[in-house]
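K.L.:
Given the sequences, and given the hints that come with them, work out the whole structure.
Top line first, the protein sequences correspond to chains A and B. All residue numbers for the first sequence refer to the numbering used here, where the first residue is 1 and numbers rise by one. All residue numbers for the second sequence refer to the numbering used here, where the first residue is 1 and numbers rise by one.
Quick caveat, the hints were computed from the structure, so don't treat them as lab data. Hints are supplied without guarantee of correctness; some may be wrong.
Pairs count within a copy or across copies, as identical chains cannot be separated in the list.
What the hints assert, rightly or not - Calculated pairs, DSSO-like style, for lysine-lysine (alpha carbon to alpha carbon, straight line, at most 27 Å):
1. Lys84 <-> Lys261
2. Lys114 <-> Lys362
3. Lys57 <-> Lys331
4. Lys393 <-> Lys362
5. Lys204 <-> Lys283
6. Lys331 <-> Lys204
7. Lys57 <-> Lys319
8. Lys204 <-> Lys66
9. Lys135 <-> Lys86
10. Lys204 <-> Lys455
11. Lys393 <-> Lys215
12. Lys417 <-> Lys84
13. Lys135 <-> Lys84
14. Lys455 <-> Lys215
15. Lys261 <-> Lys140
16. Lys140 <-> Lys319
17. Lys250 <-> Lys84
18. Lys393 <-> Lys250
19. Lys250 <-> Lys261
20. Lys135 <-> Lys283
21. Lys331 <-> Lys66
22. Lys86 <-> Lys331
23. Lys319 <-> Lys66
24. Lys250 <-> Lys57
Protein chains: 2
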Amino acid sequence: MSLANHLSSSISSSSTSFLGQDNRHFNIRPKNLLLPIKKCGTCRCVATPEKIAYNTKVSRNANMSKLQAGYLFPEIARRRDTHKLKYPDAEVISLGIGDTTEPIPDIITSSMAKRSHALSTVEGYSGYGAEQGEKLLRSKIASTFYGSLGIEEEDIFVSDGAKSDISRLQVLFGSSVTMAVQDPSYPAYVDSGVIMGQTGYYQKDVGYCNIEYMKCTPENDFFPDLSTVSRTDVIFFCSPNNPTGSAATKEQLTQLVQFAKENGSIIVYDSAYAMYMSDDNPKSIFEIPGAKEVAIEISSFSKYAGFTGVRLGWTVVPKELHFSDGFPVAKDFNRIVCTCFNGASNIAQAGGLACLSPEGLKAMQEVIGFYEENTNIIVETFNSLGFNVYGGKNAPYVWVHFPGQSSWDVFSEILEKTHVVTTPGSGFGPGGEGFIRVSAFGHRANVLEACRRFKELYN
Amino acid sequence: MSLANHLSSSISSSSTSFLGQDNRHFNIRPKNLLLPIKKCGTCRCVATPEKIAYNTKVSRNANMSKLQAGYLFPEIARRRDTHKLKYPDAEVISLGIGDTTEPIPDIITSSMAKRSHALSTVEGYSGYGAEQGEKLLRSKIASTFYGSLGIEEEDIFVSDGAKSDISRLQVLFGSSVTMAVQDPSYPAYVDSGVIMGQTGYYQKDVGYCNIEYMKCTPENDFFPDLSTVSRTDVIFFCSPNNPTGSAATKEQLTQLVQFAKENGSIIVYDSAYAMYMSDDNPKSIFEIPGAKEVAIEISSFSKYAGFTGVRLGWTVVPKELHFSDGFPVAKDFNRIVCTCFNGASNIAQAGGLACLSPEGLKAMQEVIGFYEENTNIIVETFNSLGFNVYGGKNAPYVWVHFPGQSSWDVFSEILEKTHVVTTPGSGFGPGGEGFIRVSAFGHRANVLEACRRFKELYN
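P.N.:
Pasting the structure below:
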């Protein structure tokens with residue numbers, strides 16, 4: 001609901017006497033009122049004395065007003081829903097939001113069901129868990145993903161997902177830090193920084209003032225030219241990348257860590273797609289020597305085990321990482337986790353533990369393999385149509401180039417003509433303009449059908 | 001781990017040559033270094049060349065450094081663990097943290113187990129849910145708790161618990177608002193405000209600068225004298241109250257709403273214990289006419305259904321609530337929820353739905369009834385010992401007065417002599433000094449045993 005619509009529905013021009021009365025009691029400031037927009041239509045306009053909207057005297061957080069439109073994915077969902085209303089009989093296929101579609105392997109759900117049942121027994125009940133996550137799960141995450149890298153149980157903070165942790169990290173950093181992001185990148189990094197007041201206003205085609213956008217394009221093989229990047233306090237870096245699907249090599253990440261060390265920056269490394277890597281690139285930033293002194297790593301079970309709805313992730317904050325005064329970052333993050341969060345659901349954590357058993361790991365690998373086959377189908381389709389196609393090899397995202405075209409226009413044309421939902425590249429930052437992201441998360445039949453429709457449209 | 005301990009373990013005085021090398025590459029600023037503390041003990045002190053700690057150049061968030069000690073409850077857990085190490089054979093009973101102990105009714109856990117299993121089927125799988133919660137659950141919460149109060153499905157935001165929502169609300173409000181809290185109060189309100197930068201520094205026995213502490217004492221029947229309270233943007237108010245156990249009457253809440261309206265303030269009303277109310281007081285702030293224009297309500301399944309570990313709560317942001325410029329608060333909160341959160345676990349939401357079925361409501365009422373019996377036992381015990389005892393009637397917390405004594409001293413004495421963990425009143429704010437909170441969450445046998453030990457100590 002827009003502000004104008006909202007007010008127009010609750011303000012009437014005949015409410016002046018009520019307004020006068022309210023004014024005495026509640027100090028309404030009439031300067032904020034908008035003129036009513038009368039909806040006439042077939043004309044039964046009878047001015048009824050409606051109640052005038054009361055406004056508190058609390059100023060809206062100025063940072064919130066800097067945000068552009070809605071958060072990307074709810075905006076796409078809104079457009080999809082509008083499209084469905086327009087074409088109620090169309091079979092709409094969603095390759096947009098990056099939402100997993102395949103069932104969670106039974107070994108994992110059985111474990112969650114078992115934990116659920118146990119909660120109704122005296123022996124199996126548990127209340128508040130450790131805010132940082134259950135000891136066994138923290139330990140399993142450390143050994144499974146960081147076995148030989150010197151990351152220990154106490155460095156792992158289990159969470160309800162990467163998106164929540166990105167925001168908690170921003171709260172930790174506060175409003176005074178400066179940040180850099182790959183451009184394009186997952187919008188939560190930028191948006192949470194805007195909300196915390198780290199940025200200035202948004203400029204069309206440029207982005208938010210005070211953010212260092214590190215252009216990642218086919219020209220630089222999707223790795224930024226660090227010699228042109230200004231120093232910032234925090235560097236968000238996602239590899240394999242969402243949305244471009246590209247993965248940084250060991251040499252590139254070594255450069256990045258070196259760059260952070262020289263600048264005294266903190267890298268927030270998002271490895272949520274690491275298990276999709278088929279090349280021999282690092283799966284964790286901590287494979288790079290010295291990274292523990294400059295990096296935090298965020299990851300998640302969402303795209304490995306289909307936990308997008310179950311909600312479970314983790315963040316690694318190595319004890320070696322310090323603020324400029326020597327204070328360990330992990331100690332402040334621990335305080336944030338204890339004060340602003342109360343731990344991930346114990347049932348989800350039981351699922352996480354099952355994921356990391358030998359059978360669970362095998363089952364996750366099968367789910368990932370399925371989505372990788374989808375990715376190949378999509379890549380081949382766009383290749384066969386003569387597009388320049390990026391990503392796909394190390395990530396479940398295919399990044400298709402439509403040079404010179406507006407991403408939202410391409411998004412709309414595809415939706416209108418094929419009933420397939422994609423994601424416009426410009427939603428990921430100014431550097432995504434001219435691209436669309438096609439997600440490989442979908443049932444096989446839907447992916448095949450979407451590709452058939454793409455061929456029909458672009459052949 | 002303290003900072004000094006941390007650094008002492010990684011700094012050695014013989015590391016100068018390494019330091020010199022590091023300095024060239026990484027711009028370490030040696031001024032931040034602490035002198036090493038050598039641990040000798042049985043004396044095998046061989047100075048080995050250790051690596052000096054590297055510090056980034058990112059300044060620690062100044063707001064984090066304002067926070068006093070650890071968050072209250074982890075601090076209590078820490079002291080409990082220390083006590084257990086000291087007395088390994090003692091049967092330590094915890095009536096401290098307010099953690100539920102009784103199994104979740106089977107009707108609720110079965111529903112969660114069913115949802116878990118369904119996630120491994122094609123038909124039952126679901127990925128990302130709506131960030132605001134599942135439609136049916138939002139609707140059920142609205143009708144169950146706010147049936148006749150004009151609160152609708154779209155006003156309800158389902159969350160992973162009240163503590164997380166308190167922080168998300170603080171992020172929504174930003175750093176420029178002023179806040180008031182009942183003193184004493186649940187520490188998450190104040191601590192999250194400090195983290196967001198809404199306050200100045202902490203002064204012993206006074207609290208944080210720029211927070212309006214509304215004293216709630218036996219003298220004012222635990223309801224603040226609003227004529228002495230300064231205007232703030234936000235007023236946190238919890239009823240039935242944690243920790244005092246007192247509940248505000250309809251007349252008192254009408255005063256509070258009127259006070260907020262006159263000042264243009266927003267009340268954040270925490271009703272997490274409303275179902276424990278045995279008096280005829282309002283269970284929701286929205287029972288007070290006009291409250292929808294000045295109040296947000298936070299609540300939770302934690303203390304009703306034993307969901308402290310499952311994690312499920314909700315926040316009501318009525319569409320009638322506006323910032324000073326007329327912008328609906330709900331619209332900004334929705335943006336926060338979409339950007340900084342990805343919805344509560346779908347399995348927990350299935351549990352929430354089961355809670356609100358007729359059988360689920362009955363089952364929750366039985367759990368609550370059990371804890372109410374515990375409360376009576378604790379109240380009677382302290383009454384029989386001649387203490388002034390407050391709370392307990394409308395909340396699972398008993399607030400015991402130890403006039404003239406330090407709360408932490410009383411806490412320590414009780415722990416030392418009875419092996420029972422309570423919560424020191426001063427942990428809830430300066431106004432809690434001289435009280436301890438005894439939680440009624442515990443197995444019956446433990447509550448009875450704790451009360452026996454209290455009688456032994458104080459008779």
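K.L.:
Give a verdict on every hint.
P.N.:
Going down the list of hints, with the structure as the test:
1. Within a single copy, Lys84 and Lys261 get their C-alpha atoms no closer than 50 Å, and across copies no closer than 43 Å, so neither meets the 27 Å cut-off.
2. For a Cα distance limit of 27 Å, the shortest separation of Lys114 from Lys362 qualifies both inside one copy, at 20 Å, and across copies, at 24 Å.
3. Taking the shortest alpha-carbon separations for Lys57 and Lys331, only the inter-copy value of 17 Å comes in at or below 27 Å, while the best intra-copy value is 37 Å.
4. Proximity of Lys393 to Lys362 under the C-alpha cut-off of 27 Å is restricted to the intra-copy arrangement: shortest distance 20 Å within a copy versus 54 Å between copies.
5. For the homomeric pair Lys204 and Lys283, neither the shortest alpha-carbon distance inside one copy (35 Å) nor that between copies (48 Å) is at most 27 Å.
6. Taking the shortest Cα distances, Lys331 and Lys204 sit within 27 Å of each other only across copies (23 Å), while inside one copy they are farther apart (39 Å).
7. Taking identical chains as interchangeable, the C-alpha atoms of Lys57 and Lys319 lie at most 27 Å apart only when they sit on different chains, with a minimum of 16 Å there against 44 Å within one chain.
8. In this assembly of identical chains, Lys204 and Lys66 lie within 27 Å of each other by CA distance solely inside one copy; the values are 12 Å within and 38 Å between copies.
9. For the identical chains of this complex, Lys135 and Lys86 are inter-copy neighbours only, at 22 Å across copies versus 51 Å inside a copy, given an alpha-carbon limit of 27 Å.
10. Proximity of Lys204 to Lys455 under the C-alpha cut-off of 27 Å is found in neither arrangement, the shortest distances being 33 Å within a copy and 71 Å between copies.
11. In the homo-oligomer, the alpha carbons of Lys393 and Lys215 lie at most 27 Å apart inside one protomer (21 Å), although the nearest pairing across protomers, at 62 Å, exceeds that limit.
12. With identical chains, the CA atoms of Lys417 and Lys84 are at most 27 Å apart within one copy only, with a shortest distance of 13 Å there and 68 Å across copies.
13. Only between protomers do Lys135 and Lys84 lie at most 27 Å apart by alpha-carbon distance; the minimum there is 18 Å, versus 46 Å within a single protomer.
14. In this homomeric assembly, Lys455 and Lys215 never come within 27 Å of each other (Cα to Cα): the closest approach is 30 Å inside a single copy and 70 Å across copies.
15. Taking the closest pair of Cα atoms, Lys261 and Lys140 never come within 27 Å of each other, the shortest separation being 29 Å inside a single copy and 52 Å across copies.
16. Proximity of Lys140 to Lys319 under the C-alpha cut-off of 27 Å is restricted to the intra-copy arrangement: shortest distance 18 Å within a copy versus 45 Å between copies.
17. Within a single copy, Lys250 and Lys84 get their C-alpha atoms no closer than 45 Å, and across copies no closer than 47 Å, so neither meets the 27 Å cut-off.
18. Taking identical chains as interchangeable, the C-alpha atoms of Lys393 and Lys250 lie at most 27 Å apart only when both belong to the same chain, with a minimum of 16 Å there against 63 Å between chains.
19. Taking CA atoms no more than 27 Å apart as the test, Lys250 paired with Lys261 passes inside one copy only; the shortest distance there is 16 Å, against 60 Å between copies.
20. Taking the shortest alpha-carbon separations for Lys135 and Lys283, only the intra-copy value of 23 Å comes in at or below 27 Å, while the best inter-copy value is 38 Å.
21. Taking the shortest alpha-carbon separations for Lys331 and Lys66, only the inter-copy value of 14 Å comes in at or below 27 Å, while the best intra-copy value is 31 Å.
22. Taking CA atoms no more than 27 Å apart as the test, Lys86 paired with Lys331 passes between copies only; the shortest distance there is 26 Å, against 52 Å inside one copy.
23. In this assembly of identical chains, Lys319 and Lys66 lie within 27 Å of each other by CA distance solely across copies; the values are 21 Å between and 35 Å within a copy.
24. In this homomeric assembly, Lys250 and Lys57 come within 27 Å of each other (Cα to Cα) only across copies, at 25 Å, whereas the closest approach inside a single copy is 54 Å.
When held up to the earlier numbered hints, the structure conflicts with 1, 5, 10, 14, 15, 17 and fits the remainder.
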